[in-house]
Amino acid sequence: MNKLFLKLFRDIRKSLGLFLAITAVSAIGVALLTGFSVTYSSLKNMTDSYYKQGNLADLTAYYLKIDDAGIAKIKSINGVTDAYGRITIKASGVNNESNFLIHSVSTDEKIDIPALNKGNFPQSDNECMIDSAYAKANKISIGDQIGITANGKPLNLTVSGIFNTAEYVYLVEDPAKNPEPDHKNYGLLYIDKSMISRLTGNGTYTEALVTLTKSANVDQVKKDVENATASYGFGHITMQKDQPSFSQLQSDLDTVKAISASFPYIFFLVASVIIFISMSRTVQSERGQIGIMKALGINTPTIMLHYLSYSVLCGLVGSIAGNLLGVFLLPRFMLNVYSALYTFPAILISGFGLYVTLSTILVLLFGVIASMFSTRNVLREMPAQCMRPFVPKKVQQIWLEKNKKLWSKISYKNKLILRNILLNKQRAALSSIGIIGCVGVLMCGFGLKESINNLTTNQFSKMQKFDDMVLLTKPVSYDAAIPFNNGNILQTDRLSILQVTMNLSKDISTDLYILPQNNVSIQLFSNGGAKLALPSDGILVPYKLAQEYHIKVGDIVAVKLESASYQNATIQAKVAAIDVLYLSQDIYMSDEYLQTLGIPGYVNGYYVTLNNKSLNGDVTKYLAGVANVRSVTSNDTLRNSLASAMGTMNTLFYLMIIMSAALALAVIFNISSINIFERRRDIATLKVLGYHKNEINSLIDAENLIITAFGCIFGVLFGVIIFRYLLIITVSANMYLPYQISFSMVALSIVCTFAFTVITNFLLQGKIRSIDMVESLKGVE
Amino acid sequence: MVQKLVEFKDVSKEYIMGEVKIAALNKVSFTIDEGELAIILGASGAGKTTVLNLLGGMDRTSSGEILVEKNDITKYNDTKLTDYRREKIGFVFQFYNLISNLNALENVEFAADVCKNHLDPADVMQKVGLGERFYNFPSQLSGGEQQRVAIARAVAKNPLLLLCDEPTGALDYATGKQVIKLLLDINTQYKKTVVIITHNIAIAGIGDKIIHLKSGEIESITLNQHRKSIEEIEW
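Those sequence lines, one after another, are chains A and B. According to the working numbering, the first sequence is numbered sequentially starting from 315. According to the working numbering, the second sequence is numbered sequentially starting from 118.
Because the hints were derived from the structure by calculation, they are not lab data. Accuracy of the hints is not assured; some may be wrong.
Stated by the list, open to error - To give an idea of the interface, some chain B residues facing chain A are shown, with a C-beta separation under 10 Å as derived from the structure:
no.	residue
1	Ala140
2	Asn143
3	Phe147
4	Gly173
5	Phe208
6	Phe210
7	Cys232
8	Glu262
Each residue gets a CB set at the ideal place from its N, CA and C atoms; glycine is no exception.
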């Protein structure tokens, strides 16, 4: 037994490359599984406890005005555990370009509780607390003064505390404007409840935060809340899961989880393929030794155990290396990416025990099963049978030879290559698995990159043709004159953006954009790529929304305009066409259609197109100074901020390229090494016959290239499937990345795969060179 | 006038096995004439295979010169040595060393393919008596048949030298005799220079020249005026 272990270690040392390759592929699989799972569980544990600690509202109801009596009515509804009123005001900074979201806060309120980092809750009228990300970005500390304008009133507030809140882990002012948090220019400002009346002139709230019992019938509660508080100017209800911050984080969590459940298994499978092939070869070449062991009276399970130990050792070493990466490195790296986007407390790496165990068991299981399959035939033989020389597999004519004409035209070199592949179909097929995995993963990488590039071009060059978006503080009537004029402005289009609730199978909250039909700012496209003009007889519904809620052209949908300017009217809108939107699923409508519905239009923004785009900086400065202008955002700023928000996707992209390269190199290198080892007598003979180095290399190279070509065919099919899956799991709820398999992504994937094969071929030349013709010709081992 | 085809001049070969130097050949000198059938005779470990490997361009000497057609092949680089094996040498091995994935005819064609003035492979296959076994793979042939394919492969290259390393070593008596007869025929019919390595003294009688090696040195070189025919020898 001890001697068998000695043999094991000597075997490993003899073919260290093979051992390392199997270990490396196992380690990558383990690292991915543990890494993504631990990232998920750490994030999940943190958010769960953070949400629990902050007691996140189950639903938030929005009102024109609601008072304590109204809140009391909500509290008494069956299924509601608690409810608080809160006021929300938008404000802007006096000395800078920041915008603020002001909430009232009180230490007695137990829903959406902010967590203090430093200082105290605001106690007096001129105190406030500010969110930690804004404080950090603007270097604000306790005691500093902040000047703001809220409801037209200037206010000077002293910072009494700095906080985080579970309600806004992902803080964006307006996802349509900028999907990425901009902590320099947008902050949360919480003031004491007593201050509200001074600001608004009365003691009313604009929203109700509500928590529910676990068993509450959500739909019934929503109806009850609406009925009970209809008289307070009931707006709409947003459920916890539809809240932008919550849903954004949830979708990222889902992505991490889905990756942890798919990609690692490709690596486990490939590792077990290499184990299977190399173990089959080892056992085959050690038949004589196995026969001797048996003849000496060592029982089959012991011998079996000896060979299983090899894969167990690969698995254990791979598991240790992979788990070290997966626990300490990968989650840190991923969590740093997320920490840049989200504001949450420090994250503890947690929950790794389970995944370390799981990945270790899985990698061992794959290895042990593979080696059991490869050894069972030889181990079943009788000792005497084992010690007799191996009867070579009957070489038969391959199917190609039946076509005499064709076969005679093929050179001997190619005949040799073809026979070798076709006679070792199993090995060729298993090698292809590595290639298939490689092409598939590459296609995901390039596809993702290309989708994002296409999206950026479509969104910012083809669809958003304006140069600046101007938003107003107060809406003005449709007929009001455009409040600015500048020699560089080519055209200004009136714009009305408002929140709407669509009454579909459930209430969907989204934005409505109202523009004149003859605008030059926005060009929408159908799913087929045809240009769509704003229709005069209906609305445009985005493709993703239409798919999800089965909306067809010609349908009539109820759209509630959530804006005081429109008296919260509900319109029955006809769906005129389906358009494609990528970043958010908004509704578009023409002014002309709004007029046919008999609703007077209001303007709360403008799209501006310039003569000379290079002077945009001056124009935005000018526009920002115009009275009643709340913000000016240039199209370029939007494009740039999207690019950085896609950071996670880019990380994924590079990870995929590295993963696919590792797959291809490990598989081709190992399987070819085995192939070369088995054919070393043939290769030695070729050397003796006077074949040159490159002629011999080309035999092996050609075989690998053929297998690569073959694997590419199935790899593309696999890529098509896995890329579709990846798009589903990585895209957040509001985003739409069109599923498109382009020629260039397929071509690039194939080219890269071939490049990997060529690199491997190059690495293999050393092995071929090292075959000693004299040694190999001596005798049959 | 008989030409000297091969000339070994003070050829030595040392192997270094870890820390130990093993002298496989020590200042071996001999010549082989054109058209000659030379036998290199010796016990196991006498250095026979080393001589063959050096002559065949499969290994390098430690010192000394090997002149083949007056060219010193010890001065050749890898590429030239490969070309030398390709154009000048035909090998026959104890264990045949056929390419398992090519059938008998293809094995011969495969080797002939790379030489400039090779013989017709099918013709040579007929000559070695394997006209019926063209399309059989090595695993479908007996040992004797495989060795005859190997001989055909070597002959089809139309080499300057046919080197045979224990060609009968893995064969039974009767089959071994057939193979020896074939080599004799090739020597006489094609006028090929043949070098046979063997430990079998009985075979020595068929050669023109018997080079007897012992412990890496030449013990004797005997010229045989009366070559025995195959029927006269037995072992």
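Here is what the structure says about each hint:
1. Given hint, alanine 140 of chain B at the interface with chain A, is violated; its Cβ is 17 Å from that chain's nearest Cβ, farther than 10 Å.
2. Hint on asparagine 143 of chain B is violated. Least Cβ distance to chain A is approximately 19 Å, over the 10 Å limit.
3. For phenylalanine 147 of chain B, the interface hint is violated, since its Cβ never comes within 10 Å of a Cβ in chain A; the closest pair sits about 21 Å apart.
4. Restraint check, glycine 173 of chain B versus chain A: the minimum CB separation of about 7 Å is within 10 Å; hint holds.
5. A least Cβ separation of about 5 Å between phenylalanine 208 of chain B and chain A falls short of the 10 Å threshold, and the interface hint therefore holds.
6. Proximity of phenylalanine 210 of chain B to chain A holds as hinted, the smallest CB-CB distance being about 6 Å (cut-off 10 Å).
7. A distance limit of 10 Å between C-beta atoms decides the matter here; for cysteine 232 of chain B the minimum to chain A is near 8 Å, and the interface restraint holds.
8. Hint status for glutamate 262 of chain B: violated, given a least beta-carbon distance of 15 Å to chain A, over 10 Å.
Consistency note: the structure conflicts with the earlier hints numbered 1, 2, 3, 8.
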